[in-house]
Amino acid sequence: MSRVRPFTIILVLAAVLALAFLVIPIVALFTESPPGQTLSHLDDPVVKDALIVTAKTNLIAFGITLLVGTPAAYLIGRRRFPGRALVITLVELPLVLPPAVAGIGLLAAFGRFGLLGEEVTALGIDLAFTQLAVILAIIFVAGPFYLRQAIASFEALDEDLILAARTLGAGPGRAFWRIALPLSASGLSAGAALSLARGIGEFGATIMFAGSLQGVTQTVTLAIYDALSVDFDVALAIGSLLVILSAVVLLALKLLLHWRSSDSTSTFRFATSSSA
Amino acid sequence: MLRAIAGAVKPRRGYVTLGGRPLYDSERRVNLPPEDRGVGYVFQEYALFPHMTVRQNVAFAGKERVDDLLARFGIAHLEAARPRRLSGGERQRVGLARALASGPGVLLFDEPLSALDAHTRDRVRSELFDLLHELDLPALLVTHDFVDAAALADRVGVISRGRILQMGTPAELLAEPADAFVASFVGSNMMTGTARRLGAGRVEVVLEQGAVIHATDGPDGPVGAVVHPWDVAVGGDEPADAGLNRIRAPIASITPDGGRVRVRIGPLIAEVDAEAARTMELAPGRVVSATFAPAATRLVPLNALENGTPTDDGGR
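Protein chains in written order, with our numbering: chain A, 8 to 283; chain B, 229 to 544.
If we strip away everything but chain B, and leave its shape as in the complex, we get:
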């Protein structure tokens, strides 16, 4: 998709406009070459010119802004170096500076954080956030990681198999995923089952693996029951609160994640505080109860087998 916007590939049909200016339009037969489109492209592997110095790279589009950009990105001390000597984070800054040097109307980022190691990733993510807000440029990021998208973007679009499934703010996607694919993509639990409305504010769902849970609202028929991991509480054998949904199963795995712990219980993943997990002596194999409120259970209609590679793009 990014390549189509940049002009490297020609879509069969459709249009691409930037600030009202058509870059590509199949109806009106417009197809501007990349050099006339005014897009700044930051590649996943940065695509820095290996036979040129940092300075020459940044100056490729034009010499006027080079010094400013080198200073702004803190790479002035690297100006005589060749790209192969730079770290991942440094290369990205050079790539950014180079793209901005051409004075583009939009910035395109191809997986901006995936080529970085975990530690650098966090730092670059926040630097990128600051930068995007500083510049007054629209930016389009393509990423496979919802966390990155949520951190950086104003609006996020989830694409599967070439179709946009949902477009909204990260919070909207989390709170109200449009379908099963989006739900699993944003990291929520998704259990399949069949729903039946029982009356006002009560829907019964028979899950695929047998358990019966309830939700407060939702469609009839095949559904995905979406519950956020942090809405799932983990308990032992104490009697269940009648109003809560409950699934008993052995703990399949426990994965630490920062100060929290992700506990896989049957079809669900619960997110609990690391301390609490220790206190409860959670261990794989132990049978526990995963409880969650019907109000926290959202039902989405199940589309017929959506299993394309998840891509999501966040843009301002």
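Bound-form chain A, shown alone:
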């Protein structure tokens, strides 16, 4: 029987401790709320409204992120221009910003008395406490997750491939569509999944900028917070639901990456920061 070294024991202990601490709260969500009750709680209009608001706002925010973020990332990722390092740092800034600070920032920018307040009101939009505000909050907080990964993915592209496509008669648009995009797909998907997960989980910026109005701006996370003081069991039920949702997203992401990497020879970096 081989000797077990003290160092190994310390490693195992640390791993068990870390795992336990991470797993126990998740397990508790399911054990503390009886399963039968969980499902019936989900019938609650509060829950249903929250789900709809979350779904709507996140889908729209996600769509805008992809639509605007992808071409932006392509430019930043592939062109050298003065101030490029600064631009990339700015893109990554919301990632390290506390969500509450993000909320205040959004208020300061788009609130009635904010930086662009006059322009916004002139367009007839009253942002505070609207679904649009939720969407903006999600884009601001979750968008950079996608943008950063997209920049890294495009940057990692072999430029000879793009040049080859161009010499073969493809314009820059066709080279992007047929070469750059497919080859970056796995990296982009990883960034997108991360961005979506972050968006669904957004709380701080949303509650400050959009408020927590049931059926309008109350997302699932906001609903949990509200339910805490009212009915703890409802909060537990929503929590369990979110755990299952997140697990599904994570599983889907892993499967997607596995399938993708066996299919193409493209390399991708998972959530690394772009080089200057």
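Among these hints, one or two may not hold up.
[To be verified] Chain B stretches covered by chain A per the calculated footprint, using a threshold of three residues with CB under 8 Å from any CB of chain A:
| hint | region |
| --- | --- |
| 1 | 285-291 |
| 2 | 322-330 |
[To be verified] Covered by chain A, according to a simulated footprint, are these stretches of chain B (three or more residues, beta-carbon under 8 Å):
| hint | region |
| --- | --- |
| 3 | 229-239 |
| 4 | 266-275 |
FYI, nobody ran anything at the bench for these hints, they're computed from the structure.
Ideal placement from N, C-alpha and C gives every residue a C-beta, glycine not left out.
Fit chain B to the given chain A structure using the hints.
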């Protein structure tokens, strides 16, 4: 340079024309994007699209010639394969077929043979030779290897630090290298020294390492004395023929190269037959004489320290 021709980088000044059509002209402010230039580019690492099959790669520029090209390059049986499954030689053929599919006006090759192993290299070199002569297209090859350039090109240009040092047929470059850089690049021996004309048909050269040799013609002053390795004979202690140049030194190394042997003697490399080397019992450390005729000694003026990375390009 190839990228400038293809349109990937913009030179500060100058022009690029193809068959009279300007692709880039700094004076007239012409700068066509790559897709409008009609150049076929074969990359060093082939740059095949990894997410497409061979067929899709070749068909990228247009579907019309695909079947012909696949057949001609003998890659039709690979048409459904992905590039990562192909060997180096196969990838190059796909890269060539793909470039030709766009009907280019010129072919650009970036180090076409350097990504191949030695055995494949020889085969591909001769295949490429046949192909280039079959096609009626001008081709520009960039390579670091003079042997490749000499084998494939009609004319060779030697470039160092962005300047063309000499342009001519491979034979011309070998016989009359314009300067020390070109001489060493084409594989000739080059010894530095100072020359002094003694009279008609006789120039004395005091070599850097002390020995005195003679040439039949050349400039005064600092020179490089160029001698082809195959013009150098190796001998032992027998008395020297008075008319020949002679350098005695220990053998530093012996390198086999096919049926011949390259013997480094002092500042020179002599190329002798492998049999002869065995008969003479040549071995490192043994002091021998390297002899060569003054008529085979060419003197070139020494430029001030040319030591850029040698590139040479051969084009038809």
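Hints and how they fare:
no. : hint    : result
1   : 285-291 : holds (count 3)
2   : 322-330 : holds (count 4)
3   : 229-239 : holds (count 4)
4   : 266-275 : holds (count 6)
Violated hints: none; the structure is consistent with every hint.
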